[in-house]
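Hey, can you work out the whole structure from these sequences and the hints?
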Amino acid sequence: MKIERLEEPIKIDPHKIVRLTEMGNITEIMYSETRSRGGYITKLDNDHYVDNRTGEVLEFSHIENRSQDLANVAKSLKRLRDLLNANITDVTHCRWLTFTYAENMTDPQKLRYDNENCIKRLRKIFGDFEYITAAEPQGRGAWHLHSVFIFKEKAPYLPNEVVAQCWKKGFVTVKRLDDVDNVGAYLTAYLGDMELSEALESNCPINHIKGIKEVEYTDDNGIKQTKKYIKGARLYMYPPKFNIYRKSKGIIEPTVSLVSYEEAKEKASSAKLTFSKTVALEDEENDFKNTLQYEYYNSIRK
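Take the sequence shown: its position 52, counted from the start at 1, is 52 in the numbering used here, and no numbers get skipped.
By construction, these hints were calculated from the structure, which means they are not laboratory data.
Heads up, the beta-carbon is just placed ideally off N, CA and C, and yes, glycines get one too.
Derived SDA-like pairs (lysine to any residue); straight-line CA-CA distance at most 20 angstroms: (1) Lys277 x Glu4; (2) Lys175 x Arg123; (3) Lys124 x Trp96; (4) Lys272 x Ala185; (5) Lys2 x Leu292; (6) Lys247 x Glu116.
Distance ranges between label pairs, derived from CB positions: (7) Phe275 x Lys2: 22 to 32 angstroms; (8) Asn117 x Ile10: 42 to 52 angstroms; (9) Val259 x Gln165: 47 to 57 angstroms; (10) Ala271 x Arg176: 22 to 32 angstroms.
What follows is the structure in structure tokens.
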């Protein structure tokens with residue numbers, strides 16, 4: 001499959017059907033020139049499927065790690081990004097927490113168990129709140145947890161030492177999300193990219209690198225520094241079929257609908273267009289072509 005990013009957007013007929021995703025302050029419009037009317041395959045079991053175009057029974061190619069399953073990884077991170085945006089419309093109601101193990105803890109089942117127990121302890125102290133928690137694998141094999149706590153009112157003060165006592169497994173940091181107007185994009189950036197030094201120390205395979213980016217930050221002395229990150233390198237660390245994120249029962253889903261492009265633009269008219277991309281897909285072997293266009297609108301961006 002050949003994938004090409006186009007420099008110029010395509011002109012969309014106002015009456016064409018698009019997918020409209022409404023998620024808090026963010027609205028996404030996605031247009032596909034070719035609309036799917038059904039699946040190409042029918043799954044028979046975990047190992048076999050039928051190609052509906054030819055009738056052949058074929059075997060699935062099982063993956064060894066997440067970096068070989070980029071489509072599913074992208075879908076998981078997009079769902080997480082959309083969930084965050086759908087549920088966080090006022091950052092003063094939220095806190096961003098990172099939970100770190102003191103030991104080199106590598107058991108995904110224990111990770112889930114420890115997280116659930118910590119949430120129970122924290123709710124006894126700070127009252128009820130909703131949460132979205134994502135797991136981040138480290139180069140040394142251990143796990144981190146990143147959580148967003150969402151309160152009905154302004155978020156209370158969460159002292160690091162109190163949260164650490166509830167965690168009981170190591171260290172915690174608690175941060176505000178001031179001046180972040182696209183929380184989903186901001187927070188999911190932690191989960192795919194890996195700092196260059198960490199990737200080199202962990203001997204992480206880098207054949208799936210998408211590039212290196214530099215991120216500016218302010219150190220403990222107030223001095224601006226830069227770090228280099230390898231895009232997508234951390235995806236290699238996720239086990240196959242691992243649930244990247246978990247959420248509480250009160251977390252709402254984005255609203256997704258199929259409407260005309262004209263109607264979608266009307267719904268997004270009060271928001272600012274902040275990003276767009278147009279992608280051409282071509283599979284010569286299967287005589288398949290399509291063009292996708294994405295538009296993102298932010299209602300609080302000035």
